[in-house]
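Model the full structure from these sequences, guided by the hints.
Taken in order, these protein sequences are the chains called A and U. Position one of the first sequence corresponds to residue 1 (my numbering), numbered consecutively onward. Position one of the second sequence corresponds to residue 1 (my numbering), numbered consecutively onward.
Keep in mind that a hint or two might mislead.
Said to hold, decoys possible - A few chain U positions that, by computed beta-carbon distances, are all more than 10 Å from chain A:
1) N2
2) E12
3) T31
4) P55
5) T78
6) F85
7) D103
8) K132
9) A147
10) L178
Stated by the list, open to error - PhoX-like, lysine-lysine: derived pairs with alpha carbons at most 20 Å apart:
11) U:K135 - A:K255
12) A:K252 - U:K132
13) U:K135 - A:K254
14) U:K131 - A:K254
15) U:K277 - U:K217
16) A:K174 - A:K163
17) A:K200 - A:K60
18) A:K255 - U:K132
19) A:K163 - A:K53
If you're looking for bench data, these hints aren't it; they were derived computationally from the structure. A virtual CB, placed ideally from N, CA and C, is assigned to each residue, including glycine.
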Amino acid sequence: MVFNIIVLAKQVPDTRNVGKDAMKADGTVNRAALPAIFNPEDLNALEQALQIKDRYPGSKITVLTMGPGRAAEILREGLFRGADDGVLLTDRAFAGADTLATSYALSMAVRKLADYDLIISGRQAIDGDTAQVGPQIAEKLGIPQITYAEAIEDVTQGHIRVKRRLEHGVEVVKCPLPAVITVNSSAAACRPRNAKLLQKYKHAKTITERQVEHIDYIDIYSSRPYLNLTEWSVADVDADPQQCGLSGSPTKVKKIENVVFQAKESKQLSGSDAEIDELMRELIANHTIG
Amino acid sequence: MNNIFVYLEIEEGRVAEVSQELLTKGRSLATQLNCRLEAIAAAAQTESIAEQVFPYGVDRLHIFSDDRLSPYTTLPHTSILVELFKQEQPQICLMGATIIGRDLGPRVSSALGSGLTADCTSLEIGDHEEKKAGKVYENLLYQIRPAFGGNIVAWIINPDHRPQMATVREGVMKKEILDTHYKGEVVEHQVADFVSEEDFVVAIIDRHVEKSKVNIKNAPIIVSGGYGVGSKENFDLLYQLADVLGAEVGASRAAVDAGFAGHERQIGQTGVTVRPKLYIACGISGQIQHIAGMQESSLIISINNDPNAPINTIADYVITGDIETVIPRMIKYYRKNTK
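So this is what it looks like as structure tokens:
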């Protein structure tokens, strides 16, 4: 038994470690100051796919991402960890997409890939935290979805069994294939890069990268076809440009505000025993505690 | 037509807290827009839903009663909402930003081609002018939410597509009974008219609901830790202090991401919003997304060895020091001076 698995991944700015220079004076985000990373829960998703491949050798994992040219970095990251192929969906027409336009574009790329049993992605991306794209892709493809997955327990011909992590407990569901699964950070962490695969795929590039970096002089891309990362535009996936990017997005950003909190007059304490004792005495006396 | 709809989450015949909060918000928006508030109950047990929700000012309750609708699965609930919305053409739909709402909302929005804004922290009504097109939109729903890891706040609108859909986390809105004698209309729908057999392809084969052991939302005192706590072991100090004070332990997103504490303890815009009478922030730097989830605490104490930690600006007391020395001292004093 082998499975064709598509892993949806996104390159995101690392919003978890926002330094002082991450925000510009006007309150907008200084993207350049934030490192671009593989969205953390998409790595959990990749691990679930790799575990299926471990169990069923010969299964194929394709990492699909949408983004600017440099998002090809995460395709290579996926290959270094055990994926078999990478597809970058990139086009100026995709810019400004909300979740609905994003899911439309990705669903068209999935249709182009055609032969799939399973689509796995992270629950949500840390730059938006919406958790919407996975379910929207499932709807567009007309297949079921299992969100908040913690472990894919079993895959058989035609069915998948998944453990979900709910707010107050767990649920195990059985679902026919193909399906979209979105994976939580509570799932198994992704395995590290494999040294052999790093050697094998370090020159894997998209056609645009090869042109920009002028590395076409080596003919490794014809002798080793696995180094060619697929790059698709709106036209390549037969998408309707009207449904992509800004024009395909029902939601619009009216404005962005910097967050300013009302500062208080704080009482400063040094942390000495005497000052802590005095604070505790006060809190007990005014019945805040005790 | 063009009313406000709230999707009710129902567990064992009870309407979830978050849905009650949304009914209160929906009621005030409906009054402002001069339209009706409608609610949708799709579950196995629906007998007492009407009496549970009418006091919040629901004008019309849509009931879909079928054993197979509980526990929740995606597809039948999606079919119900999509078909009902095609008939009723709501202008606004609100859902909890819960596991159910965040599973159902996007699926429905995709089927209807309407926009959806996740995890809103505020909802307001206002106008919008599209200057280029010379077009003015009146009475849009401003869907206000943190973006970019909570570092900015975005005002999202949905000018041309209906319904305007938004999810809101539990605890963000406040529930309030409008009138205990308020009576609306009940509409009983035939589930078979909305749901097909194929919608039941996903089967729940095991489910254990564990009542949450952690109840930070309603805790009067919270001892909360951030990345600065340093380790899971150091978090034990927080549990010890919480234990003597009768408090709950909370955590910032950074501490949860680092594995110091579980997700159920996360406070902030992507966690739980809390309003305790005392909030003790230990080693929390105070990212915007955290502060937004606890700034309404009555009294805030910050313990941090960085005197310039952003959280200090909103704290009532700032203790500059290490939690390893400050917390044991607090515990010692408290034990000695209380019975």
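For each hint, the structure was consulted:
no. : hint            : in the structure
1   : N2              : 17 Å, holds
2   : E12             : 12 Å, holds
3   : T31             : 23 Å, holds
4   : P55             : 25 Å, holds
5   : T78             : 8 Å, violated
6   : F85             : 14 Å, holds
7   : D103            : 5 Å, violated
8   : K132            : 12 Å, holds
9   : A147            : 7 Å, violated
10  : L178            : 27 Å, holds
11  : U:K135 - A:K255 : 17 Å, holds
12  : A:K252 - U:K132 : 14 Å, holds
13  : U:K135 - A:K254 : 14 Å, holds
14  : U:K131 - A:K254 : 12 Å, holds
15  : U:K277 - U:K217 : 12 Å, holds
16  : A:K174 - A:K163 : 9 Å, holds
17  : A:K200 - A:K60  : 17 Å, holds
18  : A:K255 - U:K132 : 16 Å, holds
19  : A:K163 - A:K53  : 18 Å, holds
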